[in-house]
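K.L.:
Going down the list, the protein sequences come from chains A and F. Going by our numbering, 152 is the number at position 14 of the first sequence; the sequence numbering is gapless. Going by our numbering, 226 is the number at position 88 of the second sequence; the sequence numbering is gapless.
It should be emphasised that the hints constitute simulated quantities derived from the structure, not laboratory data. The beta carbon of each residue, even a glycine, is placed where N, CA and C say it ideally should be. Among the hints, erroneous ones may be present.
As the list claims (entries may be wrong) - To give a feel for the contact side, a few chain F residues facing chain A, derived at Cβ under 8 Å:
| no. | residue |
| --- | --- |
| 1 | Val198 |
| 2 | Gly201 |
| 3 | Ala228 |
| 4 | Ile237 |
| 5 | Val244 |
| 6 | Asn246 |
| 7 | Ala250 |
| 8 | Gln266 |
| 9 | Phe269 |
| 10 | Gln283 |
| 11 | Gln286 |
| 12 | Ala290 |
| 13 | Ala304 |
Said to hold, decoys possible - Partial chain F-side listing against chain A, Cβ under 8 Å, derived:
| no. | residue |
| --- | --- |
| 14 | Ser140 |
| 15 | Ile141 |
| 16 | Ala167 |
| 17 | Lys169 |
| 18 | Phe225 |
| 19 | Gly230 |
| 20 | Trp258 |
| 21 | Ser300 |
| 22 | Ala308 |
| 23 | Pro310 |
| 24 | Ser318 |
Protein chains: 2
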Amino acid sequence: MSILLYDLAGADPALRFSPYCWRARLALAHKGLPTQTLPWRFTEGERIAFSGSEKVPVIVDDGRAVADSWAIAVYLEHTRADRPSLFSGAGGMAHARFINAWADSVMNPAIARLILHDIWTVLDPGDQEYFRASREARFGMRLEQVQQDREARREDFRRSLSPLRAVLAAQPWFGGDAPSYADYILFSGFQWARCASRFALLAEDDPIAEWRGRMLGLFDGLAAAAAVA
Amino acid sequence: MSILLYDLAGADPALRFSPYCWRARLALAHKGLPTQTLPWRFTEGERIAFSGSEKVPVIVDDGRAVADSWAIAVYLEHTRADRPSLFSGAGGMAHARFINAWADSVMNPAIARLILHDIWTVLDPGDQEYFRASREARFGMRLEQVQQDREARREDFRRSLSPLRAVLAAQPWFGGDAPSYADYILFSGFQWARCASRFALLAEDDPIAEWRGRMLGLFDGLAAAAAVA
């Protein structure tokens, strides 16, 4: 039986860009689990109320609901211990929490400041009002202003990724010799921008772009095949 | 036989503040290995030339020299596999590289911008000239200017530590249920400031300060007993 994944969608139901849903999608693929994604919109809280969460990702595994990307990864690691590990040990899980926290509090907010209005443009009209109100309250300005001057600010963003370059200079994946959930955490931020915006986050000769290219090819090109704006 | 650790010292040979030496010191303590530290100064490159490195930490383990804090941690993990693990598995080591890279490229440079001139004041007179010239070249300004207005900039620094708070809200140590090399990486930055400066990096009610207090108590108070400026 497939696992169901409630997955944020744009006006085009095929457009799936949420970085947190991509983390879950790639974790499911890593475990080799058949998955059926269900397009979901911000304004459809009642459709996932059964999970106790108001936000996606939510998975349903044989009747059991799990919400929140981190909780989903831990759930899959424990319930599918016979499948390829997402964390490669207790230390891998504990240390991945730091990477998850950094992506949530530093990298993804920085990406948002470069593409926030672009995201709004791909949303379903019913979602646009919610998104504008909630994000303008969070950022304290109009969506259009948030991504203003982004060409000038892009260099700062690229500099902020120096930890990623240092790791990739030492090992091919954030997981070491093979991709781990750490790779999915970090890649999903770039996949978010790739699907919802045409603004180029990385220079073509950035080693992070080379790694992103390898990530796009994993699982028979799962991420590469995703619809883009 | 004790492992020798060449350890950066101030004008007072008992003053040991290098964050990279503290990583090695705590890794050695974690493995329960008797250690003899040897005070070393920036201007004593010839004393460690045998190691192939111009910088500390350098350890000598029964005649074998290993330089660089990360290489030392990996060496100890492999050669003392029967002792408590620093990484708790291959994933733990791979993911700790990100934490190491973040501390090296974000956190420690940010701490330097708050205490750089304080560090200079505790150095041996022979080291002060080297330190001033090399750091003023790196920062592009006088040492005194680097830490100017630090009271005003401290809030930005504290905000930049949000990933640490997110992890500590979920688990007691960066290593999960027990301290790991990730804890030693991050703590060593705070220990650097504690030993070389009287500038308070953290608010007393910061959860990071509570964790730092627990770190100070590890190994019979090894870090708490360190000399301070």
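K.L.:
Tell me, which hint numbers fail for this structure?
P.N.:
1, 2, 6, 7, 8, 9, 10, 11, 12, 14, 15, 16, 17, 20 and 23
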